[in-house]
Amino acid sequence: MKMNKGAILASMAIIAVASVLVGMGTMAYFSETEKVGITFAAGDPNLRLSIDNGANWGDSFTFSFPVWSPGDTCSIQVWTKNIGDVGLFNLFVTGDNLGGLNPNLADWIHITDVAYTDTIGWVHPGGGTYYADNNIFGGSDGKLSLRELAMGLTNGKKMNFCWGDPADEIDYLPAGEAMIQKFYIEFTFDPDAGNEWQGKSCSFDLLFRGTDEPGTYVWWP
Amino acid sequence: MKINSLFKNTALAVICLLLLSPNLVYAFPFLAGADSSYTVMSGSMSPTLKLGDLILVKQTDTAAVEVDDIVTVKSEIEVFTHRVFEKKFEDGVYLFKTKGDANEDPDPTWWNASQIMGKTVFVIPLGHLYSPYGYTLSFLVPCVLLVGKQMYHVFSLFKRRSKREFRRWRRQNHPVLDTTSVLLLLILVVSGSWLVAPYFQLGSFSYFSDSEWAEATFTTGRWVIEVEIDIDPDTLNLKSQGKWMTVYAYIQPSQGYHATEINVNTILLDGQIPADWGDVQEKNCFMAKFNRTSLIDYLIGEGRKGGDVVTLTVTGQFTDGMSFQGSDTINLVE
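Those protein sequences? They're chains A and B, same order as listed. So in this note's numbering, the last one in the first sequence is 221, and the numbering has no gaps at all. So in this note's numbering, the last one in the second sequence is 334, and the numbering has no gaps at all.
So that you can see chain A by itself, here it is in the shape it has in the complex (with noise of 0.2 angstroms):
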């Protein structure tokens, strides 16, 4: 009964090792269910904006700041929801279509402050460094511009303000409106601008794309 014996005990280890890998990959199977339930979600993410507070949401709004002079600030809050039903690892904030009679008064407007909201609240990350590191933003006067944030480098270099956590997969919108993110920027004249510079006026889109790619740089240019 020796061969009789081997020949169970071979087959018992065939069941065992079977047994094994469909737990394993019945645990594989849901584990990535989870980690990448978008691949089963019907649908997409679908963001939202709110320039009152919440009192409104949309697609798109239209914000005009108070008329300014030199060296007055002036600053815009958006909110943000996701309504769609899939989660949004990060979001990303950057500057667009920038027109208007006046284009070139975007040089004389600057970014001078950047704020988002995290689970511990309003963070204001960075101190103004987010072009100093290579210095690549601003030029020689290391002022981040309306139009570079608008229109990018020539070499195609963009201000991408971005948050979110997509090293360990956790949404910073969550499908279902389940989180609002508040983000905050503010503009200042610069106090330098000329006379010439009066009675103008320039436009530009703040730019919300939300994603789930991975990789989110806090600051990347």
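Just so you know, these hints were derived from the structure itself, not from any lab. Glycine included, C-beta positions come from ideal geometry on N, C-alpha and C. A few of these clues could be false.
[As the list claims (entries may be wrong)] Short, incomplete list of chain A residues facing chain B, as computed with Cβ under 10 angstroms:
no., residue
1, I15
2, D96
3, S203
Given the structure of chain A, go ahead and fit chain B onto it with the hints provided.
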């Protein structure tokens, strides 16, 4: 009998090869005429590409890449696969904008030719493994069959307790790992490896994203009113004993202010010499008087001399704080 057995073995071998072919193509994409292969690791190209699908990418001249082609792009962060949404020719190179099929908006960046790794030429839909039915059919069922077969094997061994039965069983030479068991094991290994493949293999993402915007408009106000200035006399003798220099400031009706609104205490000549007094004139004009001796001392202090032409600027404020300014030139003699 032998032909039947040969047919069975051949069929099993073909099935085994079919099951293994994704791995072979993944490792050697040239077998399918492609240059590289990726596993889809996200779902924004669904339903075209599903998580776990194997895509084969062929390097293509970017001039031949057209809108609606699915391309693999190497960004600064990693590799991803989206559909070409827009194509343009600028400064001698083709630029491409891409979009995930499941995304509402295109990706914001224009990709240049060097970032386009190629067109997706073939998709092996292994992503079905990630659906409940696919998982059950491709993984659970083979596992259950293998376990069941081996349990039956053990049960059969226990049944053969007599020496005669055992000798017959040995003559039949039943191996523990027969062809069917090997096949089932292969299915388990191939299916199982694909289930965890995205975490270990070279992958291509296809992001979900959604973009919205707030259009912001900046409008600057007016902080200085430019007024017409006339300084009298036009020629100033640096040895003059006269008492006053007179400045006339003319305000246009369209500028929204009246001469009566000028605060005389704020008026300065060249930012240095204050006005001694002033009065409102006709035609919305304000007249301000400056001490001539103070002006001559200032000009000499600045190194001015006879023969120079000097531009003098007058500044001041209206009663509401709005500034005004204007300039005029005078000739110096001595």
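Structure-based check of all given hints:
For the restraint placing I15 (chain A) at the interface with chain B, the shortest Cβ-Cβ distance is roughly 5 angstroms, inside the 10 angstroms limit, so the hint holds. The interface hint given for D96 (chain A) holds, since its Cβ lies 7 angstroms from the closest Cβ of chain B, which is under the 10 angstroms cut-off. Taking 10 angstroms as the C-beta contact cut-off toward chain B, the hint placing S203 (chain A) at the interface holds, the least distance being around 4 angstroms.
Every hint, counting from the list given before, is met by this structure.
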